[in-house]
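> Residues per chain are reported as follows:
Number of protein chains: 2
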Amino acid sequence: MINKKRCPYGTHRVIEPKGFLPQAAKKIDNNMEIYSNEILINVKTLNIDSASFTQIKNSCKGDIECIKKTVLSIVEERGKLQNPVTGSGGMLIGTVEEIGPDIKTDLEVGDKIATLVSLSLTPLRIDEILDVKVDAEQIDIKGKAILFETGIYAKLPDDIPEKLALAVLDVAGAPAQVNKLVKPGMTVAIIGGGGKSGILCAYQAIKNVGKDGKVIVIEYSKENAQKIKDLNLAHHVIVGDATKPMEIYKQFSEISNLADVTINNVNVEGTEMSSILITKDDGIIYFFSMATSFTRAALGAEGIGKDVTMIIGNGYTKGHAELSLNIIRESNEIKKLFESKYC
Amino acid sequence: MINKKRCPYGTHRVIEPKGFLPQAAKKIDNNMEIYSNEILINVKTLNIDSASFTQIKNSCKGDIECIKKTVLSIVEERGKLQNPVTGSGGMLIGTVEEIGPDIKTDLEVGDKIATLVSLSLTPLRIDEILDVKVDAEQIDIKGKAILFETGIYAKLPDDIPEKLALAVLDVAGAPAQVNKLVKPGMTVAIIGGGGKSGILCAYQAIKNVGKDGKVIVIEYSKENAQKIKDLNLAHHVIVGDATKPMEIYKQFSEISNLADVTINNVNVEGTEMSSILITKDDGIIYFFSMATSFTRAALGAEGIGKDVTMIIGNGYTKGHAELSLNIIRESNEIKKLFESKYC
Ligand SMILES: NC(=O)c1ccc[n+]([C@@H]2O[C@H](COP(=O)([O-])OP(=O)(O)OC[C@H]3O[C@@H](n4cnc5c(N)ncnc54)[C@H](OP(=O)(O)O)[C@@H]3O)[C@@H](O)[C@H]2O)c1
Ligand SMILES: NC(=O)c1ccc[n+]([C@@H]2O[C@H](COP(=O)([O-])OP(=O)(O)OC[C@H]3O[C@@H](n4cnc5c(N)ncnc54)[C@H](OP(=O)(O)O)[C@@H]3O)[C@@H](O)[C@H]2O)c1
Numbered sequence: 001m002i003n004k005k006r007c008p009y010g011t012h013r014v015i016e017p018k019g020f021l022p023q024a025a026k027k028i029d030n031n032m033e034i035y036s037n038e039i040l041i042n043v044k045t046l047n048i049d050s051a052s053f054t055q056i057k058n059s060c061k062g063d064i065e066c067i068k069k070t071v072l073s074i075v076e077e078r079g080k081l082q083n084p085v086t087g088s089g090g091m092l093i094g095t096v097e098e099i100g101p102d103i104k105t106d107l108e109v110g111d112k113i114a115t116l117v118s119l120s121l122t123p124l125r126i127d128e129i130l131d132v133k134v135d136a137e138q139i140d141i142k143g144k145a146i147l148f149e150t151g152i153y154a155k156l157p158d159d160i161p162e163k164l165a166l167a168v169l170d171v172a173g174a175p176a177q178v179n180k181l182v183k184p185g186m187t188v189a190i191i192g193g194g195g196k197s198g199i200l201c202a203y204q205a206i207k208n209v210g211k212d213g214k215v216i217v218i219e220y221s222k223e224n225a226q227k228i229k230d231l232n233l234a235h236h237v238i239v240g241d242a243t244k245p246m247e248i249y250k251q252f253s254e255i256s257n258l259a260d261v262t263i264n265n266v267n268v269e270g271t272e273m274s275s276i277l278i279t280k281d282d283g284i285i286y287f288f289s290m291a292t293s294f295t296r297a298a299l300g301a302e303g304i305g306k307d308v309t310m311i312i313g314n315g316y317t318k319g320h321a322e323l324s325l326n327i328i329r330e331s332n333e334i335k336k337l338f339e340s341k342y343c
Numbered sequence: 001m002i003n004k005k006r007c008p009y010g011t012h013r014v015i016e017p018k019g020f021l022p023q024a025a026k027k028i029d030n031n032m033e034i035y036s037n038e039i040l041i042n043v044k045t046l047n048i049d050s051a052s053f054t055q056i057k058n059s060c061k062g063d064i065e066c067i068k069k070t071v072l073s074i075v076e077e078r079g080k081l082q083n084p085v086t087g088s089g090g091m092l093i094g095t096v097e098e099i100g101p102d103i104k105t106d107l108e109v110g111d112k113i114a115t116l117v118s119l120s121l122t123p124l125r126i127d128e129i130l131d132v133k134v135d136a137e138q139i140d141i142k143g144k145a146i147l148f149e150t151g152i153y154a155k156l157p158d159d160i161p162e163k164l165a166l167a168v169l170d171v172a173g174a175p176a177q178v179n180k181l182v183k184p185g186m187t188v189a190i191i192g193g194g195g196k197s198g199i200l201c202a203y204q205a206i207k208n209v210g211k212d213g214k215v216i217v218i219e220y221s222k223e224n225a226q227k228i229k230d231l232n233l234a235h236h237v238i239v240g241d242a243t244k245p246m247e248i249y250k251q252f253s254e255i256s257n258l259a260d261v262t263i264n265n266v267n268v269e270g271t272e273m274s275s276i277l278i279t280k281d282d283g284i285i286y287f288f289s290m291a292t293s294f295t296r297a298a299l300g301a302e303g304i305g306k307d308v309t310m311i312i313g314n315g316y317t318k319g320h321a322e323l324s325l326n327i328i329r330e331s332n333e334i335k336k337l338f339e340s341k342y343c
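Chains as they are written, first to last, in this note's numbering: chain A, 1 to 343; chain B, 1 to 343.
One thing to keep in mind: the hints can contain errors.
Where chains are identical, the list cannot tell them apart; a pair therefore holds if satisfied intra-copy or between any two copies.
[As the list claims (entries may be wrong)] Under the rule of at most 27 Å between Cα atoms (straight-line distance), these lysine-lysine pairs were calculated in the DSSO-like manner:
1) 18 - 61
2) 112 - 336
3) 318 - 180
4) 280 - 180
5) 229 - 180
6) 183 - 280
7) 18 - 250
8) 250 - 5
9) 341 - 211
10) 211 - 26
11) 280 - 5
12) 211 - 142
13) 318 - 183
14) 155 - 280
15) 222 - 244
16) 229 - 207
17) 183 - 57
18) 68 - 4
19) 207 - 18
20) 335 - 155
No lab work stands behind these hints, which were simulated from the structure alone. Fair warning: this is a prediction, and the values are worked out from it, not measured in the lab.
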């Protein structure tokens, strides 16, 4: 350990450009000797952000060796696992290996934790890739990572399998925001509602709208759509391609008034306009998808004179880890579904 | 005129990709024969979006002929003036030349209007570029444009010079949002507060915070900072580079508690993190800047565990044209300042 307290935000590890914070930096220092206000983690599994994993997988045409090579070369080049195309990262689970004396924390060496800050700003060293789980979008590694003083984390609970917790915590911000935004009686649209974050959002939305409200899920594959129906996670499910705004708008308006709140949980580009069209004037759109384009959203709404409030999906909100893990505790069906996919 | 009513959103003019709305399309049809629910405009001046103009000007190293050529080739290629790098457009003023019979409107042929939808989705034909006004970021042309049925516009007022109205209407969404977000007693930060939209936002913020509140402007050039001080548009002005988050944070926290609301009005990239750092937990950030990156904002806030609500600057909100023109009517000083720059 280097006996020096450094920047709580981790700017001391930015190699270039200087003055930036680690997330925005091109390259950060992934030397694993910690400063006195850092925490060293022995990493077990990386949970790659869905937008990032999809991009890497597609550019590799699904080839595992190519995915491994891509991941290694990103970390080699940048000192962190930040996809240069999508800008996004993911998160990790591991064991606390060393805690600098100048950091206030309830952690102890040996604790199992998930980091709740993005891999796009986390110093990471990969010694070996052990396994790539394409369906789960997870990678088992031998390696280390560092948590800065302001870095948030969650201790892994005893009652939920590790990898399931990891998968859920990755998208914990989404259902927590739904809980903030959705009120009784509302009409809520969830685009990409058949995916990981979408299912958690749908569950929370059904809970919040109560008996007078309505939740409508828009999902790409018939299979996932059926799953949502079977689990009673929506009052209606639309099977459609959210990159085709006019088609989605038509289907949506045939079965419902426009949405008070729309949650966008897809992992592909070009779905801003669908979100805007199905949301009513004065409604709210919460873009959780990392594939959202700022200008397409801003100009798209203006372009049709739609007065909607559009929110950038901050991955963090207070209590988000507990709220999302509690969904797993409450719903045995979601737990089983996620276990089959992520464990 | 083609005696057929087509899509109110203008999808019938999208050449590629099919199924997209005009704003997201690569290329739209700028044939100037209107459909029965379109309006034909005889264009006088284009007001280029600041992010777009800055990009074009820089790539041309300020050369006027190069700027002209770039603008012409964009419109040639896309059928609209949408900067392929920034994705943004701007707006225009002109005279109504023809009104399709199937459109409900209070307009008459000969009315002078400003379009309030972005040039990034407006079918445009440029016959000749008459003048490029670099400081005003405006281009006088001979040409035509088309407004779709859902396209919003404002009649140009009699009491405000045309080009001044154009300049103000371009950014009308910003002060109108400030009016929605800022309450008495708040601490408000305005990044890029010395620019066009920034000045209007500062004026509105000062009005809304009242005597117990505080408005702090962060501005790049000393000259603009002084202007803000002279006009009493802020309680404090920080001269600094918003792309350097740690420096801005330091300067800001030396003179104030963190902001309840931060408005970002810059025209350069990489200022998300400054906005996040100077905003308090549970605060709101309104990104009006078109140079905002969705992922940098989303992951940046998560990266330091900051629970802020980040809003995408929708250019439209109800009553925005009137509100912003009223600022010019109320403040003779801002009127004079803008006249010297934009008229
Ligand atoms: N803001 C944050 O902090 C944060 C944190 C983590 C993740 N994220 C982002 O959240 C998004 C969702 O993540 P996730 O893990 O929930 O992903 P996921 O499980 O892969 O789910 C994505 C869903 O979108 C659906 N979809 C894909 N293309 C579609 C289309 N054209 N039309 C309609 N639906 C479509 C998919 O349907 P099919 O499976 O049927 O194709 C799937 O159900 C990603 O963009 C990710 O980057 C954001
Ligand atoms: N969301 C929407 O619908 C919409 C509509 C219109 C415009 N916009 C966007 O709004 C933004 C502002 O437009 P505008 O017309 O007000 O632009 P503007 O008049 O050019 O103002 C930009 C301001 O930002 C300042 N600035 C530039 N770099 C800075 C830095 N590194 N640190 C601190 N301040 C810096 C500039 O200062 P100096 O002059 O001293 O360099 C200037 O005062 C643009 O990004 C534009 O694209 C959005």
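> State for each hint whether it applies.
Results for each hint:
1. 18 - 61: Only across copies: residue 18 and residue 61 sit 26 Å apart there, 36 Å inside one copy, limit 27 Å.
2. 112 - 336: Within one copy only: 23 Å inside, 63 Å across.
3. 318 - 180: both (11 Å within a copy, 25 Å between copies)
4. 280 - 180: Classified as both; 19 Å inside a copy, 18 Å across copies.
5. 229 - 180: For residue 229 and residue 180, only the intra-copy Cα distance (24 Å) is at most 27 Å; the inter-copy one is 39 Å.
6. 183 - 280: both (15 Å within a copy, 25 Å between copies)
7. 18 - 250: Result: close only across copies, 16 Å inter versus 49 Å intra.
8. 250 - 5: Cα proximity of residue 250 and residue 5: across copies only (18 Å, versus 58 Å in one copy).
9. 341 - 211: neither (31 Å within a copy, 57 Å between copies)
10. 211 - 26: neither (49 Å within a copy, 44 Å between copies)
11. 280 - 5: Cα proximity of residue 280 and residue 5: across copies only (24 Å, versus 50 Å in one copy).
12. 211 - 142: neither (49 Å within a copy, 58 Å between copies)
13. 318 - 183: both (18 Å within a copy, 24 Å between copies)
14. 155 - 280: between (40 Å within a copy, 26 Å between copies)
15. 222 - 244: within (17 Å within a copy, 47 Å between copies)
16. 229 - 207: within (16 Å within a copy, 51 Å between copies)
17. 183 - 57: neither (38 Å within a copy, 47 Å between copies)
18. 68 - 4: Neither: 35 Å inside a copy, 56 Å across copies.
19. 207 - 18: neither (46 Å within a copy, 38 Å between copies)
20. 335 - 155: The answer is within: 19 Å in one copy meets 27 Å, while 57 Å across copies does not.
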